[in-house]
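Assemble the complex: chain Z is given as a structure, and chain A with the ligand must be docked to it using the hints.
Those sequence lines, one after another, are chains Z and A. Take 59 as the starting number for the first sequence in our numbering and just add one per residue. Take 6 as the starting number for the second sequence in our numbering and just add one per residue.
These are calculated hints, taken from the structure and not from any lab test. C-beta: ideal position from N, C-alpha, C; glycine also. Each hint should be verified, as a subset may be incorrect.
Claimed, not checked - With beta-carbon atoms standing in for the labels, derived distance ranges:
id, chain 1, residue 1, chain 2, residue 2, range
1, A, 62, Z, 258, 51 to 61 Å
2, A, 89, Z, 275, 31 to 41 Å
3, A, 99, Z, 305, 26 to 36 Å
4, A, 60, Z, 329, 17 to 27 Å
5, Z, 160, A, 136, 51 to 61 Å
6, A, 32, Z, 275, 25 to 35 Å
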Amino acid sequence: MRLTTLIGSVLIVYSGIACAGDGKLIGTAGLNQLEGAGGGGIVPWATLSGYDSQDQISANAFITQVNLDDYRLNVLGANVSLYDRVELSVARHAFDLTTLGGEIAQTVYGAKVRLYGDVIYSDWPQISAGMQYKDLEDTAIAGLVGAKDTTGIDYFLAATKVHLGAVGGYNLVWNLTGRLTKANQLGLLGFGGPDNSDYELMLEGSIGVLFSRHFAAGMEYRQKPDNLGLGEDDWMDVFVTYIPSKNVNFTLAWADLGSIAGATGQKGLYLSVGGQLW
Amino acid sequence: MVKQLVMTAAAIALLGGCASSSSTLYEELGGQAKINEIVENFVHEIEYNNTILPYFADTDIDRFIQKFAEQLCVFAEGPCTYSGDTMEQVHGGMNISEADFNLTVDLFINAMNKANIPHPLQNKLISRMTHTRKQMLYL
Ligand code: HEM
Chain Z
59 MRLTTLIGSV LIVYSGIACA GDGKLIGTAG LNQLEGAGGG GIVPWATLSG YDSQDQISAN
119 AFITQVNLDD YRLNVLGANV SLYDRVELSV ARHAFDLTTL GGEIAQTVYG AKVRLYGDVI
179 YSDWPQISAG MQYKDLEDTA IAGLVGAKDT TGIDYFLAAT KVHLGAVGGY NLVWNLTGRL
239 TKANQLGLLG FGGPDNSDYE LMLEGSIGVL FSRHFAAGME YRQKPDNLGL GEDDWMDVFV
299 TYIPSKNVNF TLAWADLGSI AGATGQKGLY LSVGGQLW
Chain A
6 MVKQLVMTAA AIALLGGCAS SSSTLYEELG GQAKINEIVE NFVHEIEYNN TILPYFADTD
66 IDRFIQKFAE QLCVFAEGPC TYSGDTMEQV HGGMNISEAD FNLTVDLFIN AMNKANIPHP
126 LQNKLISRMT HTRKQMLYL
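Next comes chain Z alone, as it looks inside the complex (with noise of 0.2 Å):
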């Protein structure tokens, strides 16, 4: 409900004063990752999520759906990116407890500021500075295990380069995230625990070359805080992403997600069809 009010609102301020955005190179808007953010797939990054450029605003919408053998993640999630300088985001996630039964659901609301650069023009990367809070809905377990609290806040500071025909001709992208975090498994465990309950850095990486103007490879790591003392474990992923135009892309991932509330080597599949509705 929020989600479409949200996207319909802005819509609607929006729609009679810019342009849609298609103003930027094919793939080099990025894809969006599982909090809802312009970014790679599990890293937020510095692009803003759409085709927009400094006159153009764009909205884009996301499904992801991660297949681990004891868990499943659905992800819903939309933003708009305005100017290529803001991007306002919210991503819904059903984390399915398929071997146990049940499911923690919880919201994200993530906004995401480009303070400097252009990912391909500019001479330094592009830096973008966001931030994402995070509502658990279905508490239960996350008081189980120990969590503090049932609602986070993540900040972060992102630096996104692509170097065009860096890797034998080959555009090559980079990111490096630095995220300040409470939140347990994304805060779906919920945030701060037995073991730890302030703020700590966690950093996060994306790599990957682009093999075309619509294939894209690489890989991402993610590093995780271990608050409520159950062995967290730092999250990857390898992926290859398809973007047929600027209105779609389509994400295949293996990820290792390790250890998750105690049940270990959590592997699988990760899916995500994105595209950009205006």
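This is chain A with the ligand only, laid out in the frame that chain Z set:
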């Protein structure tokens, strides 16, 4: 896992190193004939684009073709000298937006595709043109 990431980065760096050779981009592209073909295609792309064409309303197209080809030749380290005006002189006053600049690059990519320029060579040529962007945007 960090090790894997570092190793991939290292492998990518190596790959980048291996691909460099002694020939110039001009030779790799196929010399002046290919550059002329790209420029010709580019002019066609502009002709059929309603957003970019108006910029060229008062342009002497023959001059543009000659100067632009010279400039590409220089960017690709070919045996040419650029005899045109500076990018600031040429594009100043046009108030080119970021979107229109990127659209023009899209058209240029189409022109290279139609000239069958391989993707890696396209990227190399574009990477040598991009420094001109700050000499023309919103001026
Ligand atoms: C990679 C970017 C670009 C490069 C390297 C470039 C290069 C050139 C060159 C070499 C000339 C001929 C200069 C001369 O006659 O002395 C030229 C002319 C021109 N360019 Fe560009 N250009 C670029 C982007 C653009 C863009 C984005 C636009 C407009 C959207 C544009 C519009 C024009 C026009 C209208 C002329 C003709 C000017 C006249 O009639 O005197 N250019 N450009």
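Hint check:
Checked against the hint of 51 to 61 Å, the C-beta distance between residue 62(A) and residue 258(Z) comes to roughly 59 Å, which is consistent with it. Checked against the given bound of 31 to 41 Å, the beta carbons of residue 89(A) and residue 275(Z), roughly 40 Å apart, stay inside it. A C-beta distance of roughly 29 Å is found between residue 99(A) and residue 305(Z), which places it inside the suggested range of 26 to 36 Å. Separated by about 43 Å at the C-beta atoms, residue 60(A) and residue 329(Z) break the suggested range of 17 to 27 Å.
Taking the beta carbon of each, residue 160(Z) and residue 136(A) are about 56 Å apart, inside 51 to 61 Å as hinted. For the pair residue 32(A) and residue 275(Z), the supplied restraint of 25 to 35 Å holds, since their beta-carbon distance comes to about 30 Å.
In this structure, the one hint that does not hold is number 4.
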